[in-house]
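Asks: All chains, full assembly: derive it from the sequences and hints.
All residue numbers for the sequence shown refer to numbering that gives the first Met the number 0, where the first residue is 0 and numbers rise by one.
None of these hints come from the bench; they were simulated from the model.
Everything hinted at is true.
Listed next, with one range per pair, are the computed distances between beta-carbon atoms: (1) I94 to L277: 29 to 37 Å; (2) Q451 to A18: 51 to 59 Å; (3) L167 to V529: 48 to 56 Å; (4) V489 to D64: 33 to 41 Å; (5) W303 to L228: 29 to 37 Å; (6) I86 to K525: 42 to 50 Å; (7) D444 to Y238: 19 to 27 Å; (8) T203 to L502: 52 to 60 Å; (9) K546 to L22: 53 to 61 Å; (10) T203 to Q451: 42 to 50 Å; (11) A314 to K525: 57 to 65 Å.
As a list, the in silico DSSO-like pairs of lysine-lysine whose alpha-carbon atoms are at most 27 Å apart: (12) K467 to K534; (13) K283 to K294; (14) K506 to K534; (15) K544 to K467; (16) K534 to K546; (17) K87 to K29; (18) K467 to K541; (19) K409 to K546; (20) K409 to K544; (21) K322 to K232; (22) K534 to K409; (23) K300 to K8; (24) K75 to K29; (25) K232 to K506; (26) K506 to K467; (27) K297 to K8.
Backbone N, C-alpha and C define an ideal beta-carbon position, used for all residues, glycine too.
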Amino acid sequence: MLLFIFKSKLNFWLGASIAAALLFSLSGLKLAFQPYTIQDDARQHVFWIQQFSDPDLFRQDLIADYFSSVAPWGYKVLYQIVNILGIKPFLFSKILPVIIAVITTVHLFLVCLEIFPVPFSGFIATLLLNQNLWMLDDLSSGTPRAFFYPLFVGFIYYLLRRSYLTYLFILLQGLFYPQVVLIAVVILAINFWRERSYRWFYFTGLLVAMVILGIYALQTLEYGDVISLATAKTLPEFYPDGRNEFFVNNPVAFWLYAPRSGFFPHEWQYVLLCSFGLCLPILKLFPQQFPLVTKINKNIKIVWQIFLAALIMFALAHLFLFKLHLPSRYSQHSLRILIALIDGIAIAVVLNAIFIRLTKHQRILKSVITIITFCILLYPTYAVQKYSYRLGYVTGNSSQLYRFLQQQPKDILIASLSEEANFIPSLAERSVLTAAEYSIPYHLDYYRQIRQRTEALITAQYTDNLEKIESFIDLYDIDLWLLDRDAFTVRYLQNNNWLMQFLLPAKRAIAFLRSDTQPILLTEFKECRVFEDDKSILLNAKCLKSKI
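Replies: Structure, rendered in structure tokens:
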């Protein structure tokens, strides 16, 4: 009878957890399905996947080749399978966060029960995690880093149960987001050192992880080694207002909560507000007042193991910048999961103590407390809407331009310094020479080419020398040249942090605009315009050459 009651409660709260995950997902995703709206990071990691359904797209495209080369193997295979099923990549990238959220929710619920067999606590933990994830752009991106959450939480659950599925999740981590494997290695090593009776289990897990990391390390990167710390310090891209700001001026922010370098989640104010779990050690000192704390079992050790693993990998990532990628990727994702987990346990313990003290004649008060608690816990539906800008959804505003470009040959190359260049590969399915969105400096063999292209484009666009324009078109075999109507104003350049990273050509361009020289591209080649609207002008580069 007791077993039946427990299973009933378990199924109810697990169902409620999944329903909550779907609720928050839908609150966020209704933004994603607006016309010409895509997730910011999906513009990098998904656009090239359109090659799977149309191999003629992005052929010999530097940007597409680069992002394809750095994509994890499992991520590629998943989209290939989806393509075979006839689902468009950008549509799937919008649905994928819902699937990831549900898988994460189920496993976190089960992890909570392995530590504290009270189903209500699992519901609270999953509710808080979903709330947090749908106020950020990690999950909504549907990119490889979104897989951290289901693969790490799944690994923790099967590790606590000492299931052979632990090895499967280590494998999946390597296939989708290899950085997670390094955290798993530290946790396995801690357990191998502490638990003699199961050393064979942890040792096998370590072997699996090492094999996966070895294969990953042996992969030859087409675009060379990762940028060194010394080189990064010479590039404005890594400083405030840079494309990949890392070296922030505030040392407290740098080490504690900066998005790329800080230890704690960068939404640290929210995390502090919801860190009820920090009082859990205090609650354990008063079992008579808080009787549910006695149900916390020895598996609670996983909490400090995760924290220690995150801290170790955070330190190593700083020590070997940028060989292990960004330090925050090891700590911030882990701590979001950890905080939700201990919060769920602590809240359940406190609420139970409150209800015990309320007599049966105070049912109304119990109901009021329950309603207030659920209102607080259901804050995510409000938060997702209020902070929807954090989800990273962006909308292209030049639908006529995208449709026009889709009618052009698939192998064209478009040169542009416009913001629209960030949208063209995704929404118009055509190649661009360079754009801020694809200006990622972590691999120098790639970024050196992007930087050269951008500097050449700035020089060619802001010149009165016809030969420079012609040589630029010939050098990169440009087909179309997209200009913003306000591109030939000083403010256009000075207010663009990305362009100002290319300091010398940007300064020369500003000096050119401040002179009395008329911009040739706008005044001399009106007959070469093939498209224009109130924002943009599109020039035929071959026509430009013929007129020079």
